[in-house]
Each structure stands twice: as structure tokens, then as C-alpha cells.
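Number of protein chains: 2
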Amino acid sequence: MTRIAIDAMGGDHAPHEIVAGAVWAAQEYGVALELVGKQDRIEQELDRVCHEGFYSDCGKAGKQRRIRIDTSKLDIKITHASEIIEMGEAPGQAIRKKKKSSIVLAVDAVATGSSDAVVAAGSTGAAMASSLFGLGRIPGIDRPAIAVTLPTIKRPIVVIDAGANSNCSPEMLYQFAVMGATFSKNVLGIEHPRVGVLNIGEEAGKGNELAQHTYKLLEDHQERINFVGNIEGKEIFLSVCDVVVCDGFVGNVALKVTEGTSQMLFRMLKQEFKADLLGKIIGLLAKPFMKRIYTKINYEEFGGALLLGVKGITVISHGRSKAYAIKNAVRVAKEAVETGVNEKIAKFYEE
Amino acid sequence: MTRIAIDAMGGDHAPHEIVAGAVWAAQEYGVALELVGKQDRIEQELDRVCHEGFYSDCGKAGKQRRIRIDTSKLDIKITHASEIIEMGEAPGQAIRKKKKSSIVLAVDAVATGSSDAVVAAGSTGAAMASSLFGLGRIPGIDRPAIAVTLPTIKRPIVVIDAGANSNCSPEMLYQFAVMGATFSKNVLGIEHPRVGVLNIGEEAGKGNELAQHTYKLLEDHQERINFVGNIEGKEIFLSVCDVVVCDGFVGNVALKVTEGTSQMLFRMLKQEFKADLLGKIIGLLAKPFMKRIYTKINYEEFGGALLLGVKGITVISHGRSKAYAIKNAVRVAKEAVETGVNEKIAKFYEE
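Chains as they are written, first to last, in the numbering used here: chain A, -11 to 339; chain B, -11 to 339.
No wet-lab data here; the hints were simulated from the structure.
Do not take every clue at face value.
One copy or any two copies: either way a pair holds, since identical chains are not told apart in the list.
What the hints assert, rightly or not - When the alpha-carbon atoms are kept at most 30 Å apart in a straight line, the in silico DSSO-like pairs for lysine-lysine are as follows:
1. K258 to K268
2. K85 to K194
3. K85 to K204
4. K335 to K173
5. K194 to K299
Predicted model, so just to flag it, every value in this text is computed and none were measured.
Could you build all of it, start to finish, from the sequences and the hints given here?
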């Protein structure tokens, strides 16, 4: 049985929602858990999930329901961690100083083979740093990158790097392409995933030096990568490719702009409906439809980003993750383990 | 009377929609025009606007109406241009080769003082290159930049650079901050505009080298710039600042992602409403509300981007611009002329 280590103390709603989501996933996807954090807090939360239950916060057009899960029937192991890395701390320093922190010990669980993957919703920097130092890099990969799956008009698209590396070289972006395509094929099940470079125009000579050189590098390796050229920001959602490659700075800005734009549009629509009584009625009628869209594009549905390039599976969840998001993050971790995405990335470089 | 030169041949809907929009603006805002392009085509279009009329394509929640304008009462000058620069041409080469092209002659009209500003909807690169070579730079500015005004929850925000410069230095971004703030204050009427650096986190040390150094530079010049720190992608629409500074690559990606996200959300909502009969009815009822939002966030409403840093006013419109967008672009050009935004940028560097 696949076992997923969870940093139970990371994220805005830890440990309550984290433990709830992990247990929910254990029941739904049949995985074993290793909950890492303050033992007494975790035991308390497990007890709560079992007796009081918790509220599902998302999914199915936002229909809330109370969920109670009998934890005694699940394979749950607790690993005590006496320290917590807070959001503001410098990641590199923090993981060296706090060797008994929940994130460091959760990654250790994967390194020692006690678990198969780790899910973390706290500091992204700390999750990356502890994974990099605790698990090491896959040979052939210079820098791990964050792969995020986004909804589009048709099928989901992978954006890599979504924020791990602010300063990149063309060689790094080429490696991101390899990792993103491997993920798309194996975890999302897309045959011959089409890879594009995020750029500000279609033509080969467009964009900054990084985009131009990456274009050339990918063009030169078309026998191994299904390269389809440059992709503009507005095309990300049009299913013209399956993997978008960019540096972590641009990727992170792009993802957050998507989030900000959706939030603004939904807020504006709500405001518009409030203008008069008729509007209020129509708004009420339209609400379930809007909720369904909101659910479709919600980051919680996608369950977090995968840190690719380390020798182990690390899924990084949104800091605001509640139980539903954590449940999906565990699903992503399980799929990544079972499809052997890391082994396939490693194999690319062996051939 | 302020006279605006129009590249009548540029853009997907030239010359029909361009001429119509310019004439519409002349009537509505009381400006004189200099229409630059093939004389016979322009005369033909003017005749059409006068007799057959044209359709307003946007504004007021998408209510289409036919507009006929008596051009004989307006101050309209035609300047013949025998050449056109097409969208695919390399801008630098094209403007040197086609000295009789509509964009080059429209910029010339500003350079020689025959007009006060130029509006162009064709190739952005050609508009930039001809403006840079035809008008020259404002002393103190190394590279002109594109300022785009975006809707937010509260008041509009300026994003600079939106695509003129893919490779930037911190000094360039500092100059963009100066130009953006001057534009925000003088054209948008925002007192002490708050300037932020587009970044992937709030803290000073976040982001790539460019963002980090720009942060320091702006911090060191706080007596002249109202610098409020880093702004994340999702905060652009939350009115936490009035000017967002970034390199043209990131700015262009951010803008196009905004466009793409809105398009996808509206499409998804439409699809969702189509699911059943009840949905279709609710969708029909909700349509005017959605249209109003669409109008609010529509690029056509904002009338195009201003190229700041050249000695003259150049407004670059979306290639897909129709009459309504061109009308608004002329308004932006007029406001930029009358508020003397260039003189104020120049003054900043004289002090």
C-alpha cells in the first residue's frame, strides 16, 4: 500500500484541515498515512475526525456536508515533530536549524523509505529546500521545478516552473520541458504531450534572451520532445499545448494573475447582480452555475503542485488549503508514485 | 484644437473601423484629425461614415446602434501614404524600407508639428520603432515603454512595461516607474500614485535579480517616487497600488494571461448555462449582467496603450480594434496631449 507522509503542521488551517483531508484521502483512495507533527495535536485531530467529523469545504458545486471517518480502520502512523517552520522564515536557514521540524521529518520519511511521497501545505520554500537537501536531485536535472496543473477549455495544462527558480538558463528550461512532458504523459495520461515556450509572440525570434535560446534548444531536440513553438499568455487556456515551459518568476506571475483575474471577475459579477432587485433574483438563480465554474477552476480541485526533479515525490499545496485540497493533493502524490514519474524522468537521461 | 494623426491602414479592421472610430472621436471629443493612408480608401470610408454610417460595436452593455456622422462639419485632413507595414514584417527593417508607409508618415506628422499625437492599431513593433526613430527619446529615458491601463476592483491601475522591452535593467524599470507615476497622476488624475514592483512575493529579497535590484533602487528614491514595495500577480486587481512596474516580457505575459483567463471564464459560464433548459433561461437573464462586466474589463474601453518616453504622444491600439476602441484611443491621445504628460516626465529629469 502506498504510504503518504503529511506535514500536518503546515498551512493556514493546520493541523485541523490537514489531518481531516489526509484521512479523507486515506479512506477514498486507499492509501496509508504518516502524519508528521506534534503528536498530541495530531491525535486530538484524529479523534475529532472520528467523532465530531469535519466539513467538506469544496467539490460538487460547493455543497457542504459533514464527514465522519472511522480512523481505526485506516493505516495511520504518527511521527512526532517538535518544531514547526513558520511562513516568514528563510527556508535554507530554517531547514538547517530546525532538524526536528515537521516538514524536514516528513521529507526524511520519504528519504528513509518509511513513506513513498510527501504532501506539504506550509512554506513552499521550506518544502523545496528540505526536498532538495533531503532527497537529492535526479541525475540530469540541475534544478527541481514546480509543475502546476491548470484547467483550460479542454484538457488540463501543465505549467512548469511555477515558482521554484527565479533566475533560469535555457538548459534549465529544457529540463523543465522533459519533466513537464513526463508528468503530462504519465500522471495526466496525455500521449505525446505538446510542449510550448511561454513567450510574448509566436515567431521564433520573439521575447527575451531566455525564451529565444530555449526555443532553439527545444527545436534542436524535437526527436525527444514534441515541441510546438511559442505560446502566448492568452493561449494558455486554449488547449494549444499540454505543457508550458517558463522560468519560475514568469510562471508564478502568470498563475497568480490567473487567480487574481478570476477573483476580480467573480466579485464584479456579484456586485453587478446586487444593483437592483431583479439583478438579485437573477444572481441567486445564476449562483449554482457560477459555483460550478468556480469549482472547476479552483486550485483546491487540482490538489497542489508537484516538485519535479528530486529523488522522491513532493506535493506542495496552497497555504490556504482546506481538507478538500489536501485530499486532492494526496491523490496527486499517490498517482505520481504509482505511475513512477521520477523513474521515467531519470530514464530519459539514461538513454 | 488638438489634432490627432491616425494610421488609417493599421489593424485587422483597417481602414473601415479605424476611420469610423476616428471620426466618431472627432465628433465626441472635439478633436481635429489627420488621417494617414491610401487617399482614395480613406475618402471612400469617410463617405461611408457620412452616408451609410457604421455600427458601434461596444460600450453601453453591448447595445449596437448605427451611427452616421456629418464629416463636413469636422476638421479632417488626409495625408496620403502609398505603403503599408504588414503585421509579420520585422519592425526595424520595415520602417527603414517603407518610408512612405502610413505608420511612418503618421509619426512624421507629429514630429513636424502638423499633428499633436498619433494613434496606431497595426504592428506594435512598427509603431514603437517609428516613434523611437521619428520622435526621439525624452532626455533621461533610456528606453520607451508601453503603459497599459487595466480595470481593478476600485480604480484603474497602470502596468508598465507592457511589452516594449523584453530585456531590462533595474535603471530602466526605475524610469518606467517615473513615467508610469507621471501618467497616473496627470492623465488618470491619481494624487501621489503608489508604485509597486511586480514580484513573486512581498518581502524585499524575493524574486529574480531584476526585481530585487529594482526594489532597492526605488527604495533609495522614495522622496521622488511613492514606492509601496512588491506586488504579487493576484494583487494587481485589488487596488493595492496605482502603478505596477515590470519588464516588458513579464508585463506582456501578465496582460495576456488576464485576457485569456477572462475569455475562458466567460466561455465556461456560457457552456454551463447551456447544460439544460433551466440553465438556458437563467443564462439569458444573466446575459446583460455578464455583458456589463465584459464591457468593464474590455480592452476596447481603455482605448489602447501609451508609448511613454518618446518626444511625442503615441497611442498603440489592439490589432483587433474596432471603431469603439479607436474612439477611446483618440480620447487617451487627447488627454495625454492636453495634460502634457511628456513635458512632466522631462521635467522630472531636469529637477
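Structure-based check of each hint:
1. K258 to K268: both (9 Å within a copy, 19 Å between copies)
2. K85 to K194: between (45 Å within a copy, 21 Å between copies)
3. K85 to K204: between (42 Å within a copy, 29 Å between copies)
4. K335 to K173: Within. Shortest intra-copy distance 14 Å satisfies the 30 Å Cα cut-off; inter-copy 57 Å does not.
5. K194 to K299: between (35 Å within a copy, 26 Å between copies)
Consistency note: the structure conflicts with none of the earlier hints.
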